[in-house]
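Assembling the complex is the task here: the two chains are given apart, and the hints tell you how they should meet.
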Amino acid sequence: MRKLVILFVGLLFIVALVAIGCIDDSVDPSPIAAVSGTPTATALSGCETCHTDKALLKELAVEPPEEEEGEGGGG
Amino acid sequence: MEAWEKVLANDKDFQASVHAQVGCVLCHGGNADVEEMNEDGMNAAHEGVIRDPSNLTCGSCHKTIAEQNETSFHTTLAGMKNGLIARGGDFSEGSELAQDFDRHCNSCHTTCGQCHVSIPTSAGGGLTSGHEFKSPPKMKDNCITCHGARAGNEFMGSYEGVPADVHRTKGMQCSSCHGDEVHYSIGDAQTRYQTTSGPSCDDSGCHEDVLTNTEGNPQHEQHIGDLSCYVCHAVEYKGCYNCHASLDEDGEPVFTTEKAEMEFKIGLNPVSSSEIPAKYVVLRHIPVNTDLFAFYGDNLLPEFDNVPTWKYATPHNIQLHTPQNESCESCHGNADLFLTEKDIPEDEMGANQGVIVEEIPDPEW
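Chains as they are written, first to last, in this note's numbering: chain A, 1 to 75; chain B, 1001 to 1365.
Please keep in mind that the hints were generated in silico from the structure rather than gathered at the bench. There may be inaccurate statements among the hints.
If the Cβ cut is set under 7 Å, some of the chain A residues that face chain B in the computed set are [said to hold, decoys possible]: (1) GLY46; (2) CYS47; (3) HIS51; (4) THR52; (5) LEU57; (6) LYS58; (7) LEU60; (8) ALA61; (9) VAL62; (10) GLU63.
Calculated pairs, DSBU-like style, for lysine-lysine (alpha carbon to alpha carbon, straight line, at most 30 Å) [claimed, not checked]: (11) A:LYS58 with B:LYS1081; (12) B:LYS1134 with A:LYS54; (13) A:LYS58 with B:LYS1006; (14) B:LYS1063 with B:LYS1081; (15) A:LYS54 with B:LYS1063.
Here are the simulated distance ranges between beta carbons [claimed, not checked]: (16) A:VAL9 with B:SER1135: 27 to 37 Å; (17) A:LEU7 with B:HIS1046: 34 to 44 Å; (18) A:ILE14 with B:GLY1161: 43 to 53 Å; (19) B:ASN1213 with A:VAL9: 34 to 44 Å; (20) A:PHE8 with B:HIS1207: 41 to 51 Å; (21) B:HIS1207 with A:ILE14: 34 to 44 Å; (22) A:LEU7 with B:VAL1271: 51 to 61 Å; (23) B:LYS1259 with A:ILE14: 55 to 65 Å; (24) B:GLU1221 with A:LEU7: 50 to 60 Å.
Even glycine gets a Cβ: it sits at the ideal position worked out from N, Cα and C.
The following block holds chain B by itself, in its conformation from the complex (with noise of 0.2 Å):
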């Protein structure tokens, strides 16, 4: 998008709505009442501007969501420093790992605006509708270009072979099934699987009696609750490995990526709870390793193994009909389909015997 195109705020909808009707200067400041129409008029106007507003205006009339969204992962990013915490990095004020965070990570933050206004600043920004508020956030041009590299290219069908999810295809959002709860604040949780105000396939009321009507399916009469869903009915994912943190020649905060490649690992599950308690379930690997941080100290993340490597995934790539539940003998003996020891290289295998699959299960079932 073109840097004029960015600040484009001609929507007629927008114009016509309250947002409008208190004045651009109220929320962004500036100085509405210069009337050069040059350079200099518009320094003038834009001395002071606040260009994303959202942490001082918003509150003001959405006070419950703004104070919810306040202490949200969204917000905090909580869940990716949690996990970094689990694996003893010091997030004390001012350590070397929490100057880390902040330089590559907390670009990624969202802000109301960033969702429900603009394109997010991490992915270059640039009002989406003109400066229409949307509600819920637009798709594409809002959570996939932040949830692009793994589940928005999962939903849309954008990896070569890879269908579509089912449900992209019947023509759902992200919003169908994502609601309010991404705004939530979810107290002692560590990571999102531990809420229980997450999407979910029979409590959102569209397969409401999948888990207790089995008759006529004796896959899911054999399998329901110890399997997740996601066992049978995903296909191939992104996986990414061996991230690494650095500064480039200029000082600017940049990561690399040694691989991402398509798989599809079944494991034991690593978040088991009432609300998750398959004890199967597919993980992805994370772009996590012991050298994440190594460009800024050693042993930045001393208890590395807390965490596994492979992490509990909801691939957004649902299909009825997928390889491994064609018949019996898909899933039993495929030692492929099953993670292993001979997946795991030697630096991660203590972070991931917790959801290695010792024994597969048997062809003669």
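The shape of chain A in the complex, shown without the other chains (with noise of 0.2 Å):
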């Protein structure tokens, strides 16, 4: 029994730390809906096959154009 209860406390824990960790006020609670107006099923699109292969991005990968880039380490 007492193990149980143990149990039991364990679990509405672990709930309570997840729910508050979900919980941010700066961020629309349904982002996906926010930023494409309908819940996409869609996970990572087809971009993943490339931009997770090492090999394929050592082939193709480029610099992008030098403007774009300056000197950093200020402040």
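Structure, rendered in structure tokens:
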């Protein structure tokens, strides 16, 4: 019986923790719908095929145009 | 970072996150349906791609913070711009200085993505953790890539012979002190020191009674209120001199500084307020001079003397024990620690009249 109580309290704690962690007032509660208007079932798109493939990226990736980069390191 | 590494988005945490659920195209555009795995396919897939869609998409979900951030110093660089305006700089639309500022300074402004997803473009770009969104940003890949030459190097102890900040040695990050205020619009404030939302030793809750409970600490009893914390607890920091902006032979904007050296100078407080009431503070020479934009025209900063070239500083290398707090005599009577006329070249004398220490504290106090 004691173990059951501990288990129940533990579960309650985890549920509360997850709930708190998921609530962020600064974020719209339905971010996908907010961006697209309707929720999308599509997860990562075809882009993932290339952008997770090191060998393919090594073969195809090119540096962006130089004017987009500059000197860092101030401040 | 190699070009391919910059765009490798294989982080599993990202793929399981809500940001991944919306798909790539929704934020970045392009065409996800291309099937050819070659250069032609790559070009077709990237047609219309928006490399950094921060300003277009982040606000859709993160409305409040995105709106605040639109007018934050990180976005507008208003701190730098206001400094030049105070020196008489003309920033009216189409003016020479406004164009020069855009050309030389605006490349360093931030976007949401350049703090939370990738290394800032001005520092070379590239995803920091496979497109995972990091909040807070990563200290080395984000904050220090822009704030490295001074604050970052000081904090990390990168200068030979100068120890890392004690807060760093305790494991603290930039975000341990700097929080959401980096996004805030700050109204009429001309510099970040005119706000009340910045980090504070006592308001942080870390040293909450340091200003009110000086018992048992004779140096605090004597000096709290008159000296900023940094006067006693910072060590040498980097100052830069004589920056000149120009174009190289290919027409690309470049800048050169004549010298950058370690310094430690105590001066009068140029930003005195209820938040920063100390009479004495430490000052850092900033890389501004009368000829800063001389390449583009004469006298573009006609009221140069309105603002000191030795600026209020918050060195990021705090120590409990420092050379200047070893004893009373370490500071009292030690003219080398103070900013005096001998430290100022003639053409900067007018600008610094308000911060020069004319009378060194008496050794026989």
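Outcome of the hint check:
With a least beta-carbon distance of about 4 Å to chain B, the hint placing GLY46 (chain A) at the interface is held under the 7 Å criterion. Of the supplied interface hints, the one on CYS47 (chain A) holds, with its beta-carbon coming within about 4 Å of a beta-carbon of chain B, less than 7 Å. For HIS51 (chain A), the interface hint holds, the least distance from its beta-carbon to any beta-carbon of chain B being 4 Å, beneath 7 Å. At a threshold of 7 Å, the smallest CB-CB gap from THR52 (chain A) to chain B is about 4 Å, leaving the interface hint in force.
About 4 Å separates the beta-carbon of LEU57 (chain A) from the nearest beta-carbon of chain B, less than 7 Å, and the hint is met. Nearest Cβ of chain B to the Cβ of LYS58 (chain A): about 5 Å, under the 7 Å cut. The hint holds. The closest approach between the C-beta of LEU60 (chain A) and any C-beta of chain B is roughly 5 Å, which is under the 7 Å cut-off, so the hint is satisfied. Annotation: ALA61 (chain A) was flagged as interfacial toward chain B, and the flag holds, the nearest CB pair being 4 Å apart, inside 7 Å.
Evaluation of the VAL62 (chain A) hint against chain B yields a held restraint, the C-beta minimum of about 6 Å falling below 7 Å. A cut of 7 Å between beta carbons decides the hint on GLU63 (chain A): the least distance to chain B is about 5 Å, and the hint holds. Between LYS58 (chain A) and LYS1081 (chain B) the CA atoms are separated by roughly 41 Å; this puts the pair beyond 30 Å, and the hint is violated. As the CA atoms of LYS1134 (chain B) and LYS54 (chain A) are separated by approximately 22 Å, the hinted pair is consistent with the 30 Å bound.
A hinted pair counts as satisfied when its Cα atoms are at most 30 Å apart, and LYS58 (chain A) with LYS1006 (chain B) qualifies at roughly 11 Å. Restraint check for LYS1063 (chain B) and LYS1081 (chain B): satisfied, since their Cα atoms lie roughly 26 Å apart, inside the 30 Å limit. Among the hinted pairs, LYS54 (chain A) with LYS1063 (chain B) is inconsistent with the structure: their alpha-carbon atoms are about 35 Å apart, more than 30 Å. About 31 Å separates the C-beta atoms of VAL9 (chain A) and SER1135 (chain B), a value consistent with the hinted range of 27 to 37 Å.
A hinted range of 34 to 44 Å for the beta carbons of LEU7 (chain A) and HIS1046 (chain B) is inconsistent with their spacing of about 53 Å. For ILE14 (chain A) paired with GLY1161 (chain B), a C-beta distance near 50 Å keeps the hint of 43 to 53 Å intact. Distance hint for ASN1213 (chain B) and VAL9 (chain A): a CB-CB separation of about 41 Å, consistent with the stated range 34 to 44 Å. In this structure the hint that PHE8 (chain A) and HIS1207 (chain B) lie 41 to 51 Å apart at CB holds, the actual value being about 43 Å.
Checked against the hint of 34 to 44 Å, the pair HIS1207 (chain B) and ILE14 (chain A) passes, with Cβ atoms roughly 36 Å apart. Taking 51 to 61 Å as the suggested C-beta distance range, the pair LEU7 (chain A) and VAL1271 (chain B) conforms, at roughly 58 Å. One distance hint, 55 to 65 Å for the beta-carbon pair LYS1259 (chain B) and ILE14 (chain A), holds here, with the actual separation near 58 Å. GLU1221 (chain B) and LEU7 (chain A) have their C-beta atoms about 56 Å apart, which keeps the hinted 50 to 60 Å range intact.
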